[in-house]
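Asks: Below, each chain spelled out in residue letters.
There are 2 protein chains.
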Amino acid sequence: MNTSVNLKVAPALNATVVPISLGDRSYPIYIGENLIANPLTWQGLQKAAYALVVTNVTIAPLFAQQLKSALQPMFERVEVLSLPDGEEHKTFETLNLIFDQLLGDGADRKTTLFALGGGVIGDMTGFAAACYMRGVPFVQVATTLLAQVDSSVGGKTAINHPLGKNMIGAFYQPELVICDLNTLQTLPKRELSAGLAEIIKYGPIADMSFMGWIEEHLDALMAKDPKALAYAVKRSCEIKAGVVGADEREAGVRAILNFGHTFGHAIEAGLGFGVWLHGEAVGCGMVMAAHLSQQLGLVEHSFVERLTTLISRAGLPVVGPKLGADVYLEHMRVDKKAQNGQIRFVLIDQPGHAVLKGAEDNVVGRVIEQCCL
Amino acid sequence: MNTSVNLKVAPALNATVVPISLGDRSYPIYIGENLIANPLTWQGLQKAAYALVVTNVTIAPLFAQQLKSALQPMFERVEVLSLPDGEEHKTFETLNLIFDQLLGDGADRKTTLFALGGGVIGDMTGFAAACYMRGVPFVQVATTLLAQVDSSVGGKTAINHPLGKNMIGAFYQPELVICDLNTLQTLPKRELSAGLAEIIKYGPIADMSFMGWIEEHLDALMAKDPKALAYAVKRSCEIKAGVVGADEREAGVRAILNFGHTFGHAIEAGLGFGVWLHGEAVGCGMVMAAHLSQQLGLVEHSFVERLTTLISRAGLPVVGPKLGADVYLEHMRVDKKAQNGQIRFVLIDQPGHAVLKGAEDNVVGRVIEQCCL
Chain A
1 MNTSVNLKVA
11 PALNATVVPI
21 SLGDRSYPIY
31 IGENLIANPL
41 TWQGLQKAAY
51 ALVVTNVTIA
61 PLFAQQLKSA
71 LQPMFERVEV
81 LSLPDGEEHK
91 TFETLNLIFD
101 QLLGDGADRK
111 TTLFALGGGV
121 IGDMTGFAAA
131 CYMRGVPFVQ
141 VATTLLAQVD
151 SSVGGKTAIN
161 HPLGKNMIGA
171 FYQPELVICD
181 LNTLQTLPKR
191 ELSAGLAEII
201 KYGPIADMSF
211 MGWIEEHLDA
221 LMAKDPKALA
231 YAVKRSCEIK
241 AGVVGADERE
251 AGVRAILNFG
261 HTFGHAIEAG
271 LGFGVWLHGE
281 AVGCGMVMAA
291 HLSQQLGLVE
301 HSFVERLTTL
311 ISRAGLPVVG
321 PKLGADVYLE
331 HMRVDKKAQN
341 GQIRFVLIDQ
351 PGHAVLKGAE
361 DNVVGRVIEQ
371 CCL
Chain B
1 MNTSVNLKVA
11 PALNATVVPI
21 SLGDRSYPIY
31 IGENLIANPL
41 TWQGLQKAAY
51 ALVVTNVTIA
61 PLFAQQLKSA
71 LQPMFERVEV
81 LSLPDGEEHK
91 TFETLNLIFD
101 QLLGDGADRK
111 TTLFALGGGV
121 IGDMTGFAAA
131 CYMRGVPFVQ
141 VATTLLAQVD
151 SSVGGKTAIN
161 HPLGKNMIGA
171 FYQPELVICD
181 LNTLQTLPKR
191 ELSAGLAEII
201 KYGPIADMSF
211 MGWIEEHLDA
221 LMAKDPKALA
231 YAVKRSCEIK
241 AGVVGADERE
251 AGVRAILNFG
261 HTFGHAIEAG
271 LGFGVWLHGE
281 AVGCGMVMAA
291 HLSQQLGLVE
301 HSFVERLTTL
311 ISRAGLPVVG
321 PKLGADVYLE
331 HMRVDKKAQN
341 GQIRFVLIDQ
351 PGHAVLKGAE
361 DNVVGRVIEQ
371 CCL
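Protein chains in written order, with my numbering: chain A, 1 to 373; chain B, 1 to 373.
Hints listed in this document are in silico derivations from the structure and should not be mistaken for laboratory results. Treat the hints with care, as some may be off.
Identical chains blur together in the list; that is why a pair holds if it fits in one copy or across any two.
[Claimed, not checked] Calculated cross-link-like contacts (lysine-lysine; reagent style BS3-like; alpha-carbon spacing at most 25 Å):
1) K337 <-> K47
2) K357 <-> K110
3) K189 <-> K234
4) K224 <-> K234
5) K224 <-> K189
6) K110 <-> K47
7) K47 <-> K68
8) K337 <-> K357
9) K322 <-> K337
10) K227 <-> K189
11) K110 <-> K68
12) K337 <-> K110
13) K357 <-> K47
Can you make the complete structure from the sequences, with help from the hints?
Replies: Set out below in structure tokens:
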């Protein structure tokens, strides 16, 4: 673990550092501009003969070359593997392309894997690093807002199975996470909105004053103002770090980070992975989970309205696809939070606080009918 | 982790217990007769809605039904998945059959996986448990001598890749390991010998007095005398536990357990996985590694002879297949111990003590030519 070394170079980089404290699996997140191309960013890593940058066909032309050049002082050989883009490729077949490249190049146990991309690339590359020779070092270079505020913290890696999202994976912590704000300038509007969904999430589950800040600064965020983005990324990472630090392997409280995800995963699986972006499904899923919270008497309608308005302003869908309640329920029963076929939802029991709770199928069904047109 | 609960039932089972101490990943090994069919064996596990017994078509007719019955008090539903038998099936495709079954049956995060079989079933089931929903409980019911004395300790799980053995895997500790000595009574002679290879291994690397005991009791072991087997399994597990406890993730000393494995893996990969049994390749690999130790001036020829005699008496090959030195070297370069293309061998520097060392290709080549006819 390179925390101490990395923390020393942060001031020279003019980067904000969010430390993730997980004992001997601790690591720092750097947030700032022009980090990828700066060799100083990588100076704290362990030198090795070989590094593999795993990215996708969309990101590769934008940042792969500058990352490769900046890594040269640390690694004798740096290769780039460019995978197809999209959630529908988060499969065993694509994962195997990483192993094929590593073994074809004779990559040893000191090999470092760099995930250059969003959540899909991060999840797959992290899982490959967890499994290759039973574990090699891994660095995440998050290029989407969603990856910077969500998958950068917590070490969840996975691939999808046709019967469920993120079903095959590992908890595996990176050595270092880089959130280079420059990468957000090239981010398509739809993906920016998807990232805002996970930022908005932190308000209802943990910090309503942050929700107030987002309401005030949403226009700046949508205009990609670097200062606003820097604060939103930092505050999101801090909140997530607090939750993950208390429950690394999701035995309890960590599940609250899944607010909106139970309904959201059903939307993604029901439509087929990749039709809606993950963040879009989470945005709409939060609206549905808020309605369910209200149905169970946990929150007022005014809170549901306030949250729905913010999600809608962020350019996210607030009405779900009409798949039928049965299809939703069937997909939600394979959710990882389910126990013995009983779906458990992350619900808001007061603004700024979440709980894990079951609900009767007919109540859930009513919410689905009400929220999906 | 169920150590405390499990330790309480051990006396009633008349089982020998070897505790594996790895902090919060500690677990006990039970060694004894008639353990599988006794519901008491399973009493310390966490109750759950679902358990999956993963086994193979050879073992299933012998022990699956008795295990399933004995598990009924602990699990509402117990299913058996019977995989094809053999190292050549330790692949992604077979691993996926486990995930298909789990997801098809709606198995949740409390699901316990039981590996009923030898090393291949243990490695694959353990890896499936490590990855399913990012980790579910796992119990190993080792039915071969090799699995009882080797893969029962240390938490190594993996599948093979066409370019290398055990290249994709995880360190993942079981909740409990059962070595039911009855299962060895049905073990084919060839597999008994394969297990003896790993038992013999512990002598040269760690305990020459144990090697002396094996020399004295080899006939009893080959006649499947339960008392002799019980002691050999116990002593092997103890030695391995000591090494693994000092270095769980193989950063250093743990590599000595790989004595004979560098040459052995090359034999397995070179002939195609499954042609020689893993233990057969390790037996012959130890002869080759002993010769290399002698070539480098680390041990006397008398030691090489003594070890070769014992391996041969155990019914194991002591002459390697003639694949050519280049083929051996090529396969050995992708060994997980290799660094930067440099092969590192586990060598004996004095009987009862091993070291990790590189060697010139021409010296290694000479040993290969000498040992492979």
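Asks: Which earlier hints turn out false for this structure, listed by number in ascending order?
Replies: none
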